[in-house]
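S.K.: As a plain string of letters, each chain reads:
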Amino acid sequence: MNPRHFLLSWTIVLLLLLITTAGFNYLVDPYGLFGTPRISGFNEKKPAADTRVRIVKPYQVTRIQPRALIVGNSRPEVGLDPEHMCWPAENQPVYSLTTPGSSVYMQMRQAQHALSSTPANLIIAGIDFLDFLVTPENHNDPFQWPPSVREFEHRLSITATGQRNDTYRWQSAKDYATTALSLDTLEDSLRTITSQGNINTSNRTILGFNPARDYLDIIRSEGQAVLFQQKNDQVISTLLKRDWSIYHAGSRWSHDFEALKRLMEISKKRGAKLILFINPYHAQYLENIRQTGKWPLFEQWKRELVRLIDSDTNNAIWDFSGYDRYTTETESASKETTHKWFWEPAHYRKELGDKMLDQMLGNDCPKNAVQAEFGSLISTANIEEHLARQRDAAQTYAANNPQVITKIQQLVLQKRGAGDLHTP
Amino acid sequence: MLFNSYEFILAFLPITLAIFFFIISRYGHEPAIAWLVSASLIFYAWWNVAYLALIILSMLINYGMGKLLAHHYSKGTVRQGKILLTIGIMANLGALGYFKYANFFVSNVNIIAETSFQLETIILPLAISFFTFQQIAYLIDAHKGITSEFKFLHYALFVTFFPQLIAGPIVHHREMLPQFMAKKTLRLNADDLSIGITIFSIGLFKKAVLADGIAAYASPIFDAAARGETLTFFEAWGGALAYTMQLYFDFSGYSDMAIGAARMFGIKLPLNFHSPYKATSISEFWRRWHMTLSRFLRDYVYIPLGGNKKGSCRRYSNMMVTMLLGGLWHGAGWTFVIWGGLHGVYLAVNHGWRKIRNTLNLTAGRAAPLYKVAAWGLTFFCVVIGWVFFRAADLSSALAILEGMSGQNGFAIPNAIAVRTGNFQAFLSDLGVTFYLGGGSQFLFTYLWIIALLLIALFMPNTQEIMRNFSPSFNKHKSDAGDALQVARILEKLSTWRPTRTWGVFIAIISIFGLLSLSSVSEFLYFQF
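Line by line, the protein sequences give chains A and B.
Just add 608 to wherever you are in the first sequence, counting from 1, and you've got the numbering used here.
Just add 132 to wherever you are in the second sequence, counting from 1, and you've got the numbering used here.
The set of hints was computed from the structure by calculation and includes no laboratory data.
No false leads were mixed into what you were given.
Across the chosen pairs, the derived CB separations fall in these ranges:
hint, chain 1, residue 1, chain 2, residue 2, range
1, B, V453, A, G901, 51 to 61 Å
2, B, A322, A, L624, 16 to 26 Å
3, A, R662, B, S611, 47 to 57 Å
4, A, S756, B, A525, 18 to 28 Å
5, A, G901, B, F591, 50 to 60 Å
Each residue gets a CB set at the ideal place from its N, CA and C atoms; glycine is no exception.
Taking the hints into account, I'd like the entire structure generated from these sequences.
M.R.: Next up, the structure:
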């Protein structure tokens, strides 16, 4: 019983534990922040990376030094494979700088960060209808640039106006230190090690791709129909929640269009090639848009996009969001079988992403890659014809799939009945 | 600066301690106290420099008032003293009222009179509720001749001493000053340092690991209620119980950290928390929850109102007034008033029952296990209902949660959990339980956390009990076996702290958990009051 003995052993053990924890977290690197080598069976898969994508990816991209980027939200993160065979050799490695739930502004800012700190000169960017929805009562001036600084921007090496970000070094030091010395990280490190045996564990590859095999576990236990239903539910709720528009009040423009325009300008200035595409949606998703009365808005959005893109001849935009043999696949009721092309109505599988890359990187594709007929290049020249074709396709789909239509109609009615919702 | 931040633990606390003991050994007592006051003001100004002017002004006025009151006391001019005291109290309450309640008052006037007065947004200065009460108590004590202070520096330390400045314990001048003055307490001493580190580490663990850990399961439910969503039985109870545990470990952790930090300087703060959820009656609950506030309300509101000396009718109304004020003290909102009123009713029922029990001579069964468990269950249930009002953003969201808890909105469990129960699912379905998609792990972890933390709160010894051989706080809590659930003897014995190597290792593990949780910082709930 001597307080000095207590203090001495407390100090020594505390320091030992601090060093051990930091060392262990660094070695396992559960979020892929430190770039510690990935060892099969030990830390190759990163089941916890899911929770830190926003923090980690901007650091990863500067470490990987890619020559091509995939930009967008969770859809291209899950669907587009940075290791697809059609990527040109001179553009390897490819990094997927995609963030789930990110706004167009965040995507643009992350791309800006990557362009300023890596040799990337090819960008494939997926754009998404829901990311462009704004409420008319939003009175923000869409032309005000840059908008006020958001938290995530501290982790980007340059500011929105292209200046060096002075807080970047301090922020990255803080991120590295607090990640190494954190209980959450320790828990995630242990989970990382114990999850290596599960082939379907959630993961982010070293190139930022999300193989999304964790969907398979859910499909096996609850069935893919549940995933479809849950997503339809969510999408319908979101679409009905507000009186959506694609323009801010009093203008025919929005922050999101402005951010996309800036992305085009920045790529052009850097001499990087930018290929834009609209993500494919499963026909059920498109039906959600139709039944909630947002189809005209969806069309207007595409018109606005082609107008923006045509102003700059360097860019092209692919539309994969139509009805075709991939997106109209019927859902399977059994827990044993899965959809070939979609995980759920919003997220397409890598198999479909491969077809998209075949198309978009067509000229660079090795000869043996089979060219698929999927998606179309749209512009102001063909947009009306394209939209009319899609409207017809929607009618045909509805006629051939009455039970799907009824199901979605019921969901919409149910959500509308839930009150406090705007009718479109 | 939050206690649970890197700046406080890695910089402010060690630096303040080191400089303090350096000054005391080199230059003596008074300069060291001056340093401690400056450090405390820096600590306070860290949030907002503008607050500094207010607290200094408040101290100067109250110090002056206290001196005058002491003068009147020694001269025997009681009447003038009383007038002065009234002015002093009004001034303090006026400042508190302006900063804390002006907006609330105006918005209610607007509702009643259908007017539309507008005030500029008034920012609530941190800790004002605490330092106002502390100084009112000082004025009253000075008026009664219980205490007096002749040095502003000492007075300033009594008010600003950083461990207790922001959210208590609410200390008395007479408890603190003799300690600040004693030559032997303020010296670097391995005993106090090891005791302080232990208590602080336990507190940090409670806050950063336990309270913040369960917070993630409480907040979404209260947020959903505020958005007007309908909550089913298990969701509503999950949210209410998770918050019950969050608040407990948040405030108990904070109080431990305050006591521990003060002890490193050789100062003992009064006890503020003593396993309140173990209480088997509401009055015992209030003797164990935020003890220094209960003590203040008893000594400076309830007793001056007449306490229990003017018949039982007055007694109940005094109790009610005290609890309503106690509720309002926590925040300018009707939910706090309802919470206080609810506890006023609880206490009245509690006292009424005690009276009946005594008249019928039923005291014998009081320590019987079954009676105790039932009494505990009822007490805990009432406390949880109270916390729903305490936490909810407004009255309608509190009612939405209670509606869910009553089972009116049905019983639902996540599909992912239901499918794993196999044949049991059909049985549940027959009982009227419905199944929803998603939220499986949220559901599971909510209840796992609740059970784990409840077990700790109910059956583990508390910090004071762990440190029982080293007088961890200024005062002790006394109760008999019928008042609360008791800690098992064996646990009590195993958990008694001693300054040994083994305890050093064990506390280091507790400390590391706390330190490693600092990367996700959150404020203490009691800072908003």
